[in-house]
Amino acid sequence: MNTLKIGENTFELAQIIIKDLKASENIGILKCIQCGMCTSLCPAARHTDYDPREIVKRVLDKDESLITDDIIWNCFYCYTCHSVCPVNNSACEVNQILRQKAIDNGKGKPKIAPFSAYGDSFLEYGLGAIPNDFFDHLLKDYGKEWLQLKVDLEDIREELGLGPILLPEKDVNDINKILEKTGFTKRLERVRRCKDEGNSR
Amino acid sequence: MKVKGHFSRYAPKSSIDIGVFLCKCGGNISHTVDIRRLKSSIDAKVVKEFENLCSIKCQRNIRDVILEEELDRVVIVACSPITHEKTFRNHVAPLNPYLLEMANIREQCSWVHSDMDKATEKAISLTNAAIERVKYARPLDAIVRKTKKSAAVIGGGISGITAALSIAKQGIKVHIIEEKPTVGGNMIKIGKVFSPEKLAEECALCLFNPLINEAVQHKNINIITNAELKSSQRKTGNFSLLVERRPSFVKEDKCMACGNCAEVCPVDVPNEWNEKLMFRKAIYKPFPQSVPDVYTIDEENCIKCGKCQKVCTMKAIDLEMKGEIIPLNVGSVVIATGHKGFDLEKRPEYGYCRNEDVITQMELARIMGVNGPTNGKLLKPSDGKVPRRVVMVQCAGSRDEKPGGKRYCSRVCCMVALKHANFIRRYYPETEIIICYTDMRTPGMYENYFRHVQSKEIKLIRGRPGEIVKIDDTIVVRVEDTLKGEQVEIETDMVVLSEAMEPSKGTIKVAETLNVGLTEDLFVKEKHPKIRPVTTDVEGIYVCGTAQGPKDITDSVSQANAAASKVSEIMNGGLEIEPTIAVVDNYKCDICGECVKACKYKAIYMHDERISVDPIACTGCGICISKCKNKAVEVMGQTDSQIFAMIFGLLKDKKEGERRILAFVDYIGYVAADNIGINRISYPESVRIIRIPSINRLMPKHVLFAFENGADGIFLGEYPDDIMYPDIQAKVQEIRSELLRNSIDPDRLLYYKVYAPYFRGLANKLTEFDKQVSKALDKLEPVLYKASSKDL
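Chains as they are written, first to last, in my numbering: chain A, 592 to 792; chain B, 23 to 814.
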């Protein structure tokens with residue numbers, strides 16, 4: 592049984608999240624009435640135990656174990672919860688802030704290593720692209736038709752007059768230089784190392 | 023500081039005989055105030071003292087003295103005018119009741135001070151102020167409102183018809199203006215209404231039709247259908263309305279409603295009365311029980327082929343018929359323009375536009391109405407089969423802060439869903455009902471109905487669906503069962519969305535035409551949600567039913583009756599109004615309209631190139647005076663000379679080294695100040711309280727005059743929860759800047775928000791302010807000295 596002690600500020604965690612830079616202005620976290628509209632459409636909830644409504648509920652209950660709970664790593668930022676919430680709350684943003692807290696306290700670090708693949712494909716192509724590592728998974732989910740689309744994509748684009756999908760090598764090099772100078776490449780290295788840090792623990 | 027200037031420039035011409043009557047109040051006053059000393063200090067023709075001035079015996083005494091001494095004015099030195107001003111105004115007859123002034127030396131002197139010497143000195147100055155002020159009093163007569171004994175009710179739904187019937191029964195002529203070809207509004211469409219008492223559904227038409235028939239037959243009621251309000255002008259408490267009546271192309275007196283015309287009409291039009299679930303003809307009668315019972319041609323869709331004319335044996339059809347403009351002059355207007363259902367195209371995730379079997383509660387009502395498209399059978403629009411399951415989705419468009427959504431709860435949808443659920447369970451026991459709800463809101467007796475319906479095996483899922491999609495031939499409602507913490511896909515063959523209520527287009531348009539304020543959600547705004555729920559911000563215009571906000575029939579009917587009694591109040595009550603209101607001098611006025619703009623009570627309006635004041639709406643706050651560059655406005659009983667005289671009187675006997683603070687407070691502030699006395703709490707003797715209608719009445723010149731004449735500090739107190747509050751803030755700012763310009767320390771001015779029950783706060787603030795002023799004076803004396811020596 593949980594005892595609600597007099598004078599305990601159960602809104603502390605919610606207030607920290609509201610004040611976080613990542614939170615939208617006027618985020619409706621305190622207005623949440625647990626209607627479950629977010630969860631009704633959440634693809635992560637469909638396939639895992641993730642429940643955006645429950646995340647918000649736990650935040651409002653100042654459940655700090657949430658930060659170290661693996662469950663927060665199940666959201667994949669489709670923003671559906673954000674776009675349907677009738678009180679302009681965003682479970683998705685709440686989740687991002689919780690993850691940052693997990694990263695800050697070290698527990699989340701191993702979780703972010705896989706994200707380095709996004710950085711790698713950015714370096715490789717000069718634009719946001721689905722990492723090559725995911726290819727096999729996508730093929731399994733989407734099937735051969737998708738593979739055929741990938742094969743024919745350049746032809747289809749040409750037919751539609753859209754030009755090539757990839758950037759010219761010179762542009763990719765320029766972007767790489769920018770990423771180098773702005774510290775992105777170094778940061779990516781750090782993200783990659785998180786994996787090892789996690790293993791060594 | 024020394025008293026500068028002389029007051030003679032404000033003095034009246036001829037000498038005036040004033041009588042002063044002192045009350046000892048059985049010791050309440052005389053134990054603290056030295057009556058003998060007070061009496062000897064008074065400069066008046068007659069000064070008399072009494073033990074209990076408010077007694078009936080004293081009434082005769084006062085009257086005798088007035089007659090014997092031929093007094094022109096009377097000053098009563100006694101208790102608070104809040105308690106006894108009315109009594110003494112009656113006592114001074116045959117003098118005009120407004121030639122009386124009271125000095126409050128009980129609540130604001132003997133009850134708050136204990137030092138007899140200081141209390142007596144304060145009593146003297148309060149009496150002096152009253153004497154000075156009464157010299158400038160003018161005889162005033164109560165204003166008798168002359169209102170035409172007729173009213174217009176806009177909208178012929180349950181609210182409009184109820185209001186009209188009640189008004190008519192109180193002997194007042196009523197015009198009902200209805201934009202559609204028939205009266206009845208939304209209620210007549212809904213088939214069944216819920217009865218929490220009988221735990222059953224009742225026939226809406228059977229309840230409403232007798233009222234409509236009564237309205238039609240009532241000699242005081244005139245129903246104008248196919249009509250819209252075009253314009254409105256306020257004239258001395260009345261409204262000149264222009265109503266435009268569209269042509270119906272059918273002569274009402276000839277049409278027998280046989281329906282031959284509709285049979286030959288070749289034009290099919292979606293029938294809006296059946297929520298467009300079926301067709302009607304271009305010549306039509308909305309429904310069998312329409313009132314008036316005649317056919318109408320819908321001009322927009324008629325192709326003027328003339329076929330109807332050929333079959334009409336009554337020769338009732340006139341395709342050349344013209345519309346008409348009907349002028350109405352009424353004393354009051356009731357807005358009963360109702361609501362409409364939320365436009366579900368704004369929520370594409372519910373698939374309302376893509377899926378025939380996703381319908382609204384109103385559509386379900388029509389489907390289940392015996393005079394509806396399926397003759398009362400519950401059938402799916404797509405295939406005409408009975409649904410095996412009906413899922414109801416609550417809060418469709420309500421409690422929704424996303425763009426286009428309605429932030430409010432629409433109040434009736436829970437009950438509507440339960441009503442339909444109960445009805446379906448009774449007649450179609452094979453059909454399952456699932457209600458997806460956010461909160462079930464069935465307050466009061468409605469809870470009984472909720473429990474009753476629940477027992478009919480209605481599945482309730484606590485969760486708000488995010489999406490309704492069609493997978494193959496099945497509709498799927500995606501929802502989280504939040505009590506279980508589990509995503510659910512509900513398969514169904516019919517979905518009913520409990521659509522939000524929103525103001526009808528007519529509501530918004532009529533409010534604009536009548537210049538009546540709307541809420542953020544575009545419903546007609548009531549003057550005060552608690553104590554004036556049917557009064558709009560324009561006096562004489564009332565609102566009832568869903569035009570004012572979402573509500574059910576019960577509440578609409580109550581409100582309609584309330585609005586009717588407000589109408590009757592102004593017409594049958596022979597209303598007498600206090601004359602202390604704004605008066606415009608039309609010779610000085612150049613009709614710039616600044617006062618009209620400034621008055622948020624909408625008491626000032628323009629008509630026939632003149633500025634007029636509605637005596638009921640005017641609170642006499644005086645904001646108009648500050649805005650008038652031609653000095654064409656005055657507030658009776660609060661003229662500049664009266665205010666100056668009062669200030670002068672309160673300061674004229676100020677002694678060297680003494681501190682005097684003038685506290686200008688509104689009615690609430692004055693009541694709070696009296697409460698300080700009633701509770702025997704004290705504040706410094708330096709404080710002298712002056713009642714003003716509002717800080718908006720004050721101008722920098724009054725405050726500067728007070729400082730010039732020796733005031734050490736000015737305290738301004740007003741109740742802040744009023745629509746004029748922003749103007750008060752602006753006014754305080756204006757006065758403060760004027761002080762700076764005149765090298766007066768702004769610390770010597772204080773604005774404080776007063777509340778009647780928070781008198782302790784006021785007492786503390788007055789005490790604090792006295793100290794603040796004392797400090798400011800110590801600090802600023804040399805600076806002031808410099809400023810004045812420069813003047814010399």
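Treat the hints with care, as some may be off.
Unchecked claim - Below, computed lysine-lysine pairings styled on DSBU-like, alpha-carbon distance capped at 35 Å:
#1 368(B) <-> 648(A)
#2 649(B) <-> 619(B)
#3 506(B) <-> 692(A)
#4 157(B) <-> 362(B)
#5 402(B) <-> 527(B)
#6 61(B) <-> 653(A)
#7 273(B) <-> 702(A)
#8 677(B) <-> 61(B)
#9 723(B) <-> 622(A)
#10 735(A) <-> 692(A)
#11 492(B) <-> 220(B)
#12 610(A) <-> 108(B)
#13 257(B) <-> 610(A)
#14 61(B) <-> 622(A)
#15 547(B) <-> 622(A)
#16 622(A) <-> 549(B)
#17 273(B) <-> 653(A)
#18 273(B) <-> 531(B)
#19 70(B) <-> 731(A)
#20 108(B) <-> 723(B)
Unchecked claim - Stretch by stretch, here's where chain B covers chain A in the computed footprint (C-beta under 8 Å, at least three residues):
#21 603 to 616
#22 676 to 684
#23 723 to 733
To be clear, the hints were calculated from the coordinates, so they are not data collected in a lab.
Every value quoted in this text rests on a predicted model; they were computed, and no experiment measured them.
For each residue, glycine too, the CB sits at the ideal point set by N, CA and C.
Would you list, in rising numerical order, the hints stated earlier that this structure does not obey? Per hint list: 4, 6, 7, 9, 10, 11, 12, 13, 14, 17, 19, 21, 23 violated.
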